[in-house]
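Undergrad: Given next are the chains, with one letter for each unit.
2 protein chains.
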Amino acid sequence: MLSASNCNANATEGHLNRGGADACRRSAATKKSPWWKTQLFGGMINDIRRRAPFYWSDWADAWDYRVIPATVYMYFANILPALAFSLDMFAKTDQSFGVNEVLLSSVLASVVFSLAAAQPLVIVGVTGPITVFNYTVYDIITPRGTNYFAFMCWIGLWSLIFHWILAITNSCNGLRYVTRFSCDIFGFYVAFIYLQKGIQVLTRQWDASDASAYLSIMIALLVTAVAYICGIVGQSSLLQRQVRKFIEDYGTPLTVVFFTGFVHVGKMAGIELLKLPTSKAFFPTTDRGWFIHFWDINVGDVFLAIPFAVLLTILFWFDHNVSSLIAQGTEFPLRKPAGFHWDIFLLGCTTGVAGLLGIPFPNGLIPQAPFHTTSLCVTRTVSGSDGEANKGHTRRVVDHVVEQRVSNLAQGLLTLGTMTGPLLIVLHLIPQAVLAGLFFVMGIQALEANGITLKLLFLARDKHLTPKSDPLMRIERRWAIWAFVGLELVGFGATFAITQTIAAIGFPVFILLYIPMRTWLMPRFFTADELGILDAPTASPFTMESVGGNHGQVAEPLGAADATGLDDSDEAERGERRGSRGDEGVKNAGGPTRRRSSFRTPQGLELDNIEKS
Amino acid sequence: MLSASNCNANATEGHLNRGGADACRRSAATKKSPWWKTQLFGGMINDIRRRAPFYWSDWADAWDYRVIPATVYMYFANILPALAFSLDMFAKTDQSFGVNEVLLSSVLASVVFSLAAAQPLVIVGVTGPITVFNYTVYDIITPRGTNYFAFMCWIGLWSLIFHWILAITNSCNGLRYVTRFSCDIFGFYVAFIYLQKGIQVLTRQWDASDASAYLSIMIALLVTAVAYICGIVGQSSLLQRQVRKFIEDYGTPLTVVFFTGFVHVGKMAGIELLKLPTSKAFFPTTDRGWFIHFWDINVGDVFLAIPFAVLLTILFWFDHNVSSLIAQGTEFPLRKPAGFHWDIFLLGCTTGVAGLLGIPFPNGLIPQAPFHTTSLCVTRTVSGSDGEANKGHTRRVVDHVVEQRVSNLAQGLLTLGTMTGPLLIVLHLIPQAVLAGLFFVMGIQALEANGITLKLLFLARDKHLTPKSDPLMRIERRWAIWAFVGLELVGFGATFAITQTIAAIGFPVFILLYIPMRTWLMPRFFTADELGILDAPTASPFTMESVGGNHGQVAEPLGAADATGLDDSDEAERGERRGSRGDEGVKNAGGPTRRRSSFRTPQGLELDNIEKS
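Residue numbers (this note's numbering), protein chains in the order written: chain A, 1 to 613; chain B, 614 to 1226.
Under the rule of at most 20 Å between Cα atoms (straight-line distance), these lysine to any residue pairs were calculated in the SDA-like manner:
| id | chain 1 | residue 1 | chain 2 | residue 2 |
| --- | --- | --- | --- | --- |
| 1 | A | 468 | B | 1009 |
| 2 | A | 463 | B | 855 |
| 3 | B | 1076 | A | 241 |
| 4 | A | 267 | B | 813 |
| 5 | B | 1076 | A | 379 |
| 6 | B | 880 | B | 819 |
| 7 | B | 705 | B | 899 |
| 8 | B | 858 | B | 1009 |
| 9 | A | 92 | A | 204 |
| 10 | A | 468 | B | 853 |
| 11 | B | 1076 | A | 397 |
| 12 | A | 267 | B | 887 |
| 13 | B | 1076 | B | 1091 |
| 14 | B | 858 | A | 460 |
| 15 | A | 267 | B | 819 |
Here are some, though not all, of the chain A residues that point toward chain B, as calculated from beta-carbon distances under 7 Å:
| id | residue |
| --- | --- |
| 16 | 210 |
| 17 | 217 |
| 18 | 462 |
Here chain B is said to cover these stretches of chain A; the calculated rule only asks that three of the stretch's residues, wherever they fall, bring their Cβ under 8 Å from a Cβ of chain B:
| id | stretch |
| --- | --- |
| 19 | 228-240 |
| 20 | 266-272 |
For the record, the hints were derived by calculation from the structure and aren't laboratory data.
We put the CB at the ideal spot given by N, CA and C, even for glycine.
Next up, chain A with everything else stripped away, as it sits in the complex (with noise of 0.2 Å):
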C-alpha cells in the first residue's frame, strides 16, 4: 500500500554499499511469514549475533575528540532534566523521589546500556512521561493506604516479566508500523511536556515572592535566549570552526553556569531565588534504605499493580523503541547494527531492579536520545561545488557517527560523581530558574525539528512562494496535507491533555492506537503516493534489519533512482532549509544536523561526493 519507491529512495541513503538491497529483499520475504510464526528468543538471538562482533569495536572506536563534547554535552541534558523532573516529582509525590534516587535511575540505566545494549547509542534515564506516570500512581493509590514504594516495586517485577515476554516473542518486529507519523506525535508531546514543566517550575517561584518570581522569569528567558544563539552560532559560518564547535558543544553547560553564578550579581544577591532541593549523599531522600521491602503489601495489591504494569510496558515498548529508532534514524549513517529485542529485555532487567531500589524507571530518553547521536556526527562543511546553483554556499553533511559505549558509560559515571557530598553542593546552587530556561531551549529545540512543525510551516507558508522542489508540493490534494497534519495534532492534543488529568498513566494506549490507524486505516483515505511523501521510515533498511525491515518496502534494483531525482530532492531540502531560515523565511534553527524531517531526502549523493574528495 505504500509506495514502492521508500524503499529505493532509503536503500540511497547513507548505506549504498551495504545491505540496502538486502534488507529490502529480506523485508519483502518476511512478509510472507508473520511475526507471530517466528521463532521464540529469535530476534535477541539474532540481535547477539549482529551486534556482538562489534562489541570491541565499541570501545576501540571511542578513540576520537568528539566523544568527549558528547560526554559533556550529554552528562547536562540528561542530568539537568532529571533534576528538574526530580523537583516535580518531589513536589508532587510528597517527598518520596528526590534528586537522589533520579541520579541513581539515571547512574543504573546508563552503565546498564552503555555495557550491554545493542544500541549503546541510545541514552537511557527518567524522562517526563515517567514523572506523569509516578505521581498519577501517587495520587491514585496513597490515598488506599497503600506503601507507594512496595507498590511501584510491583509494577517494576510485573514489567519485568511482560518486557521480558515482549522480548521473547520478537515483538518489536511490530516496530515496522512505527513510522515518522507516531515519532513525530510522541515527539511533539514531549516538547510539550518540556514547555510546561518550565512553566511549572515558574509558577512554583511566587512561593518566595514576587521579586523572586519574576526574577526567575527574567533568568529563565535570558537562559532561553543566550542557549538558542549559542546554538545558533554553532550552527552558522561566523568564527573559527574550533570556537564554533565549542559554543554548539559547550554552549548549554556554560549557560546555565554563568547564569547560576548571575542571580549573585548587583541587586539580584539580595532576591531568595529557590534552588534544587537535595539531599544527603547516596542515601535516599526518604528515611528508608535502599532496597524496597516489596512484601509489605497486600496480596491484592500486588495484583492490583498488574494492570499499571501493563500501561507502565506499553509506554515503555513505544518510547524505549522510538527513542532508539530516532536516536539511529535515517540522518545518520551508522555502520553497526541496531537490536531491538535486546534492548528490551534489558529494559526488562532495569525497570525490575529500579523497582526493587524504589528509584524512577528509567527508559530511552528524547530528546536526549537522538542529540547524542547527533553530538557524535562527524561533520563536514562543504563549500557548494555543483556549479552555479551553490555558488557561496556552504553546507554541512555528516560523514560518519562515532559509535561507541563509552559517552554513554561517562556520562553515567559523572552522573553518579555527582552524587557524591561535594557535587551535591554544587547542584544545590543552581536555581531552578535556570533550569526552567533550559527547558524551554529543549523544548523549542525538539520542536523546531520536529516533522509537524515543519508541515504546518509548509502549510502556513504563502503558496506563491514555496518552492515548487519542496516535496510536500508535490502532492495535488492539498487538503490531504492538512487532513495528516491534523490526524497528528488531534494525536498530540488527546495525549496531552490526559496527561493533565487523573487518567494520565493511560495515555500510552492512546498513542499506541495511532499506530494500527497508520497502517491499516489511513491508506483508505490517502493515496499511496500522499502517504509516501508525508510520513516515511522513522530509520533506514539497515538499522530496522533487527526488526526485520520497514513496512511496505519491496526490493528494487539500486541505483533506480536517477540522478535527477536526487539532486531535485537534495536542492529541495536545502532550499526547505534556506527557505525557512534565509531572507524570506520564519528563523527556524537548531540546524540541519539537529533536524529530523518527515520528508528527508537522500544523502547518499553527498557523502559520496565527501568519500571521494
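Fit chain B to the known structure of chain A by using the hints.
TA: Relative to the frame of chain A, chain B by itself:
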C-alpha cells in the same frame, strides 16, 4: 582619489533612465567651481526650483494604501521613543520638559516639514542626542542661576541665525564628503543610545520595588522578543501576503498595546509598575505659559548661549542631513528630487520657534526617517527566475517608493490628537518597561542594518566559509578592513564616551572631524580600490544633485557596468544575506529592505526585470 567606478556603480542604482549620467557630469563640472564661490542663496533657490514642480503630486500621490501603515507605524515609532526621551529629560531637567513639550515639538516639526520641506520623507522630531544636549545644558547652566528656558530660547534664536547662514551659503554642498563611513558611525552611536536608554529606563524601576523592577525586565524582554519576531515573520514567506504585511506594519504598535494590557493579567496586576508621567492636556509641564520670556536673562548669558548654539547647529547640520541622506539612500529608488539647503533653512525656523515655546528642538530622526521611507516602499517578491541558481528562492525587490507628504503630516496630526486629555490618559497606561523593550528592538534593528555590524560579521566569519563573491573578499590586505572598522569603532567609542560626561554637548564636533579625516587622510593609507569597496556615497547621484553631486565622481558612459559584474555583486548580496541567516549563518534579521549596507550593490538590474515583466 576615490575609485572612478563609484560613479559608474551608482549610476546604475535604480536610476538607470534618469539623471545618473547628468549628475555625474554635473559633479565633474562642479569640481571646477568650489562651493565657497557659489552664489549665495543658490542652493535654496535651486532646491525650490527643482522640487516645486512636484509639490502637488506630493499630495495626489498619497492616494495609496502604503500611506496608512506608514502613518500608523511612524506615529508609534516617533511618539514612543519621544515619550521615553521625555521621561529621561523629565528626570534629568527637574521636570522642565515633560510629555507635552516633546509632543508639541514633534507636531511642530511634522507640520512644518510635511507642508514646506523639500524632503517630506524625512521624519523630524525629538532625538536622543538633543535629549543629551538638553540635560547637559541644564547641568551646566542652572547652577549659575540662569533661567533655563530663557537660555534655551537664546540658543534656539542664535541657532536659527546660524542655520540660515548655513543655508544661504550652500554649506550642504559639503555633504558630498559625508559617506557611509560617517553615517555608519553616527547610526551605530544612535543605536547604542537607544540600547543605553532602554537599560536606564529599566534601572529606574527599582524606585518602585524589587518585584516591579524584575517584572519590568521580564516585560521588556518579552516586548523585544515579540516585536522582533513580528519583524522576522513580516520578512518571511509565511502566511498570506496581506497577513504577513499586516504583521510587519502593525506588529510593533500592537505589541505595545498588548503588553500594556498584559501587565494587568493575573498576579502581575498586584505589582505597581511605573507608568509614563503625563500632565494636563495642552499645558506646559511646569507652571508657565507656552511663550518664553526670553528677555528675563542677563545680557552676558545671551552671548554665553552662542557657543552652545554653535554646537547645536553643528549637531543639527550633521544629524539632520545624515537623516535625510539615509532616508534617501541608494537603496530607495526615489523619483522626486531632494533639497538639502532648503530643509536646513526650515530647520533653522523650527529651532527658533521651539526655543520661543520652550520645547525641545526637533531635527531629523535616525532610524525613524529611513524606516519611514522603508515603510513606503512598494515591494514585490519575485521568485528567482535566473535558472538553477535561484531555484526555490525568492527575493524582495523595491518597485517604487510612495513619495508624498501625507504620511508625515498625518502622523503629526495624530500626535497632536494625543495631546488631548483622553489620549493623555491612555498614554499614562503604558508601563515604562514596554518603552524599554521598544528601545531594545529599535536599537537592535538599527544595529543589524548598520554597515559596521556587517563588516564586523564579515571579519568574524570563517574564511573558508565566506562566499567568494562577497565584495569585501576582493580586498587583498585584510588588515585594511580591520583598520577601517577599527577607525569606525574608535569614532563610535569616543562619541559614546563623551556623551556620558558633562562634555556631552561637544560630541558633534568630534563626529564632524571624522569627515575631513575620511576625505583627506584615509586615502593616504587605503588604496582607492579598497575605499571603493569599504565605503560608498550614502545617497545616489540623483539625490545628491541638490548639493552638487558626490565627491570624486567622474562622468562615465552608462552601461559600462557589464552584466556579469552586476550579476556577481547581486549574487554576493544574496549570498551574504543567506549566509548570515541561512543554515550556516548567524541570525541577522530586520530583512533586506531595512538593511543599508556600506557595500550595497546595484539593484538596477532587478528593477528592470520587474518593470519589464
